[in-house]
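Here's the letter readout for the chains.
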Amino acid sequence: MLACGVRQPNGKCLGYGDDKIYPAEKIEKLLKQFSELHEPLAAAEFSPRWTTWAFEYGHIRFVPRADKWLLLLIVSPETEAALELDRVANDFLPPTK
Amino acid sequence: MAKEKKSEHERRILIVDDDADYLATIGDSFRALSEGRWQMCAAASAEAALKILQTEAIELVVADINMPGQDGIQFIGELHRRHPQIKKVVMTALASEEKNAASRAAGANLFLEKPVSPEGLKSVFEKLCELIDWKNTQGFQGVLRSVGLPDLLQMECVGKNSSILELFHEHPLGRIYIDQGQITHAVCGEIFGERAFQKLFTITGGTFELLDFEVPPERTISRPWEVLLAEALRQREQLAQRAQAGKKILTDDETAAAPAGQTAEMLISSGAGEVLYHWQCADAAARVTLLQAVAQRAEKLIPELQLGKLDRVEMQLPVGRAVLQPRADRLVFVRVAAPTEKNES
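Protein sequences appear in the order of chains A and B. Under this note's numbering, the first residue of the first sequence carries the number 1, and numbering increases by one thereafter. Under this note's numbering, the first residue of the second sequence carries the number 1001, and numbering increases by one thereafter.
Any given hint might turn out to be false.
[Stated by the list, open to error] With a Cα cut of at most 25 Å, we get these calculated SDA-like pairs of lysine to any residue:
id: 1; chain 1: A; residue 1: Lys29; chain 2: A; residue 2: Ala43
id: 2; chain 1: B; residue 1: Lys1114; chain 2: A; residue 2: Pro77
id: 3; chain 1: A; residue 1: Lys32; chain 2: B; residue 2: Leu1317
id: 4; chain 1: B; residue 1: Lys1300; chain 2: A; residue 2: Ala42
id: 5; chain 1: B; residue 1: Lys1300; chain 2: A; residue 2: Ala43
id: 6; chain 1: B; residue 1: Lys1300; chain 2: B; residue 2: Glu1314
id: 7; chain 1: B; residue 1: Lys1114; chain 2: A; residue 2: Glu56
id: 8; chain 1: B; residue 1: Lys1300; chain 2: B; residue 2: Arg1330
id: 9; chain 1: A; residue 1: Lys26; chain 2: A; residue 2: Glu45
id: 10; chain 1: B; residue 1: Lys1309; chain 2: A; residue 2: Glu78
id: 11; chain 1: B; residue 1: Lys1309; chain 2: A; residue 2: Pro40
id: 12; chain 1: A; residue 1: Lys29; chain 2: B; residue 2: Lys1300
id: 13; chain 1: B; residue 1: Lys1051; chain 2: B; residue 2: Thr1092
id: 14; chain 1: A; residue 1: Lys29; chain 2: B; residue 2: Gln1292
id: 15; chain 1: B; residue 1: Lys1309; chain 2: A; residue 2: Arg49
id: 16; chain 1: B; residue 1: Lys1309; chain 2: A; residue 2: Glu84
id: 17; chain 1: B; residue 1: Lys1300; chain 2: A; residue 2: Pro95
id: 18; chain 1: B; residue 1: Lys1309; chain 2: A; residue 2: Phe55
id: 19; chain 1: B; residue 1: Lys1309; chain 2: A; residue 2: Lys68
id: 20; chain 1: A; residue 1: Lys68; chain 2: A; residue 2: Glu39
id: 21; chain 1: A; residue 1: Lys68; chain 2: B; residue 2: Arg1297
id: 22; chain 1: B; residue 1: Lys1300; chain 2: A; residue 2: Ala24
id: 23; chain 1: A; residue 1: Lys29; chain 2: B; residue 2: Leu1301
id: 24; chain 1: B; residue 1: Lys1099; chain 2: A; residue 2: Lys32
id: 25; chain 1: B; residue 1: Lys1300; chain 2: A; residue 2: Glu84
id: 26; chain 1: A; residue 1: Lys68; chain 2: B; residue 2: Lys1051
id: 27; chain 1: A; residue 1: Lys26; chain 2: A; residue 2: Pro95
id: 28; chain 1: B; residue 1: Lys1309; chain 2: A; residue 2: Ile21
id: 29; chain 1: B; residue 1: Lys1300; chain 2: A; residue 2: Leu70
id: 30; chain 1: B; residue 1: Lys1099; chain 2: A; residue 2: Thr79
id: 31; chain 1: B; residue 1: Lys1309; chain 2: A; residue 2: Gly58
id: 32; chain 1: B; residue 1: Lys1051; chain 2: B; residue 2: Glu1098
id: 33; chain 1: B; residue 1: Lys1127; chain 2: B; residue 2: Pro1115
id: 34; chain 1: B; residue 1: Lys1300; chain 2: A; residue 2: Tyr57
id: 35; chain 1: B; residue 1: Lys1099; chain 2: B; residue 2: Arg1081
id: 36; chain 1: A; residue 1: Lys29; chain 2: B; residue 2: Lys1051
id: 37; chain 1: A; residue 1: Lys26; chain 2: B; residue 2: Glu1304
id: 38; chain 1: A; residue 1: Lys32; chain 2: B; residue 2: Lys1127
id: 39; chain 1: A; residue 1: Lys68; chain 2: B; residue 2: Glu1035
id: 40; chain 1: A; residue 1: Lys26; chain 2: B; residue 2: Glu1299
These are computed hints drawn from the structure, not numbers from a lab.
Hey, can you work out the whole structure from these sequences and the hints?
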């Protein structure tokens, strides 16, 4: 896991970066930026439960909740952390009926 | 560029990679493995490679993906339009099924991972030898670990050939019928159609043989081969991931009971937004707009993230999933209708 962050409905953010590249302020900024990136996808009839942005050297999982909580996870591809993304995202989301 | 004197039985091979050390290593290795029969040409960029192709009779081009300027997949696409007869291989250190599918869609005959050991180098060399020697002759035999089933299928379909591909693994396993470049029928034991095709695709060992074409007893497959191949590659990757993660692999009966997870819609457009191909896409313009919006927004973030180029965006939907690939020259959207993880333990 390279970094992770959560944004609360009141706008407060909690972030943890396992690398100097991802200080808390940057994670807060990324949460906002990925929230904006998510907008066209959410608006296009899909209502994704989560999105994964797969870059060459890192995968970013963005999980929005209906109650406005947001989760952002950044992992290196093909690592144990990458295999855990679905489980963590499912834990973050409220159970489906 | 490094070029050598032409001799009698030589083959001219062009390697395109921006890593000078890699070019030198692979050039020396292939020259040695071919005992001097391969004359190696090298180019550090797609632009340099195209110049070489204007003057040299190249038989095979092997290109990296990540290069400054035009990337390897764009280059292969351009090469395929200009020189369709040249055999083309994409070789990358960061292989994925998406890159594999994109490379094949661009016209690559083979998609390989860069070797990292002498054994790997020899294996790659043998695959390239098979590809160079490949001719449209009947009775071709191969081993699935070498020139793979996807590669052979693509060669047959792109060449608009008619043949029957018979697969063996100790005993005959099944047949895939190709009629003028279209897959029309598949049989695997008592299974027919696309399910048989997908099942045959999960075979990781064994041999195959190309037989003379005969009209199949019935036509059970109608979707385009590109769609079938992309879907089969995705399913194979999912199986591999499940196996790697220690998850349960579905039996035939469970697969039949579970939602098929088949492609529900697919769209490919040019970077400028011109729709090149779409299948069951109710609103192609809306998909293109979405892809362009995602590409534009992601482009701004890429320098800041320092995670390299964006390969794809995957969406987990309430039912099924979707993948977007926003590239400079091509935008791809694929939606799979049914959840593929339903029976996950």
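Checked hints:
1. Taken as a hint, the Lys29 of chain A and Ala43 of chain A pair is honoured in the structure, with Cα atoms around 22 Å apart against an allowance of 25 Å.
2. A C-alpha spacing of about 17 Å is found between Lys1114 of chain B and Pro77 of chain A, which places the hinted pair at or below 25 Å, so the restraint holds.
3. Under the criterion of a C-alpha separation no larger than 25 Å, the hint pairing Lys32 of chain A with Leu1317 of chain B is consistent with the structure, at around 22 Å.
4. Restraint check for Lys1300 of chain B and Ala42 of chain A: the C-alpha separation of about 19 Å stays at or below 25 Å, so the hint holds.
5. As the CA atoms of Lys1300 of chain B and Ala43 of chain A are separated by approximately 20 Å, the hinted pair is consistent with the 25 Å bound.
6. In summary, the hint linking Lys1300 of chain B to Glu1314 of chain B is supported, as the alpha carbons are separated by about 19 Å, within the 25 Å threshold.
7. Of the supplied pair hints, the one linking Lys1114 of chain B and Glu56 of chain A holds, its CA atoms being roughly 16 Å apart against a limit of 25 Å.
8. In summary, the hint linking Lys1300 of chain B to Arg1330 of chain B is supported, as the alpha carbons are separated by about 18 Å, within the 25 Å threshold.
9. For the suggested pair Lys26 of chain A and Glu45 of chain A, the alpha carbons sit about 30 Å apart, so the restraint of at most 25 Å is broken.
10. The hinted pair formed by Lys1309 of chain B and Glu78 of chain A meets the criterion: a straight-line CA distance of about 17 Å does not exceed 25 Å.
11. In summary, the hint linking Lys1309 of chain B to Pro40 of chain A is supported, as the alpha carbons are separated by about 20 Å, within the 25 Å threshold.
12. Between Lys29 of chain A and Lys1300 of chain B the CA atoms are separated by roughly 13 Å; this keeps the pair inside 25 Å, and the hint holds.
13. Taking the CA atoms of Lys1051 of chain B and Thr1092 of chain B, the gap is about 22 Å. The hint holds against a cut of 25 Å.
14. Distance hint between Lys29 of chain A and Gln1292 of chain B is fulfilled; the C-alpha atoms sit about 23 Å from each other, no more than 25 Å.
15. Proximity of Lys1309 of chain B to Arg49 of chain A is assessed by CA-CA distance (about 24 Å); at most 25 Å being required, the pair is judged to hold.
16. A C-alpha spacing of about 23 Å is found between Lys1309 of chain B and Glu84 of chain A, which places the hinted pair at or below 25 Å, so the restraint holds.
17. Between Lys1300 of chain B and Pro95 of chain A the alpha-carbon distance is near 34 Å, which puts this suggested pair outside the 25 Å criterion.
18. Between Lys1309 of chain B and Phe55 of chain A the alpha-carbon distance is near 5 Å, which keeps this suggested pair within the 25 Å criterion.
19. About 29 Å separates the Cα atoms of Lys1309 of chain B and Lys68 of chain A, which puts this hinted pair outside 25 Å; it is violated.
20. With a CA separation close to 13 Å, the supplied pair Lys68 of chain A and Glu39 of chain A stays within the 25 Å bound.
21. In summary, the hint linking Lys68 of chain A to Arg1297 of chain B is supported, as the alpha carbons are separated by about 21 Å, within the 25 Å threshold.
22. At most 25 Å may separate the alpha-carbon atoms for a hinted pair to count; Lys1300 of chain B and Ala24 of chain A meet this at roughly 20 Å.
23. Pair hint Lys29 of chain A plus Leu1301 of chain B holds up; C-alpha atoms about 11 Å apart against a cutoff of 25 Å.
24. Distance restraint check for Lys1099 of chain B and Lys32 of chain A: the Cα-Cα separation of roughly 29 Å exceeds the 25 Å cut-off, and the hinted pair is therefore not satisfied.
25. Distance restraint check for Lys1300 of chain B and Glu84 of chain A: the Cα-Cα separation of roughly 28 Å exceeds the 25 Å cut-off, and the hinted pair is therefore not satisfied.
26. Proposed proximity of Lys68 of chain A and Lys1051 of chain B is contradicted: the alpha carbons are some 54 Å apart, above 25 Å.
27. Between Lys26 of chain A and Pro95 of chain A, the direct Cα distance comes to roughly 30 Å. Violation of the 25 Å bound is thereby established for this hinted pair.
28. As the CA atoms of Lys1309 of chain B and Ile21 of chain A are separated by approximately 17 Å, the hinted pair is consistent with the 25 Å bound.
29. For a cut-off of 25 Å, the pair hint linking Lys1300 of chain B to Leu70 of chain A stands: about 21 Å separates their Cα positions.
30. Restraint check for Lys1099 of chain B and Thr79 of chain A: satisfied, since their Cα atoms lie roughly 19 Å apart, inside the 25 Å limit.
31. Annotation: proposed proximity of Lys1309 of chain B to Gly58 of chain A holds, straight-line Cα distance about 10 Å (limit 25 Å).
32. Pair hint Lys1051 of chain B plus Glu1098 of chain B does not hold up; C-alpha atoms about 29 Å apart against a cutoff of 25 Å.
33. Straight-line distance between C-alpha atoms of Lys1127 of chain B and Pro1115 of chain B comes to about 12 Å, which keeps the hinted pair within the 25 Å bound.
34. With a C-alpha separation of about 17 Å, the suggested pairing of Lys1300 of chain B with Tyr57 of chain A holds against the 25 Å cut-off.
35. Taking the CA atoms of Lys1099 of chain B and Arg1081 of chain B, the gap is near 19 Å; set against the 25 Å cutoff, the hint holds.
36. Our distance criterion of 25 Å between C-alpha atoms is broken by Lys29 of chain A and Lys1051 of chain B, whose separation comes to about 45 Å.
37. For the proposed pair Lys26 of chain A and Glu1304 of chain B, the alpha carbon gap of about 10 Å is at most 25 Å, so the pair holds.
38. Of the supplied pair hints, the one linking Lys32 of chain A and Lys1127 of chain B is violated, its CA atoms being roughly 47 Å apart against a limit of 25 Å.
39. At most 25 Å may separate the alpha-carbon atoms for a hinted pair to count; Lys68 of chain A and Glu1035 of chain B exceed this at roughly 65 Å.
40. Straight-line distance between C-alpha atoms of Lys26 of chain A and Glu1299 of chain B comes to about 18 Å, which keeps the hinted pair within the 25 Å bound.
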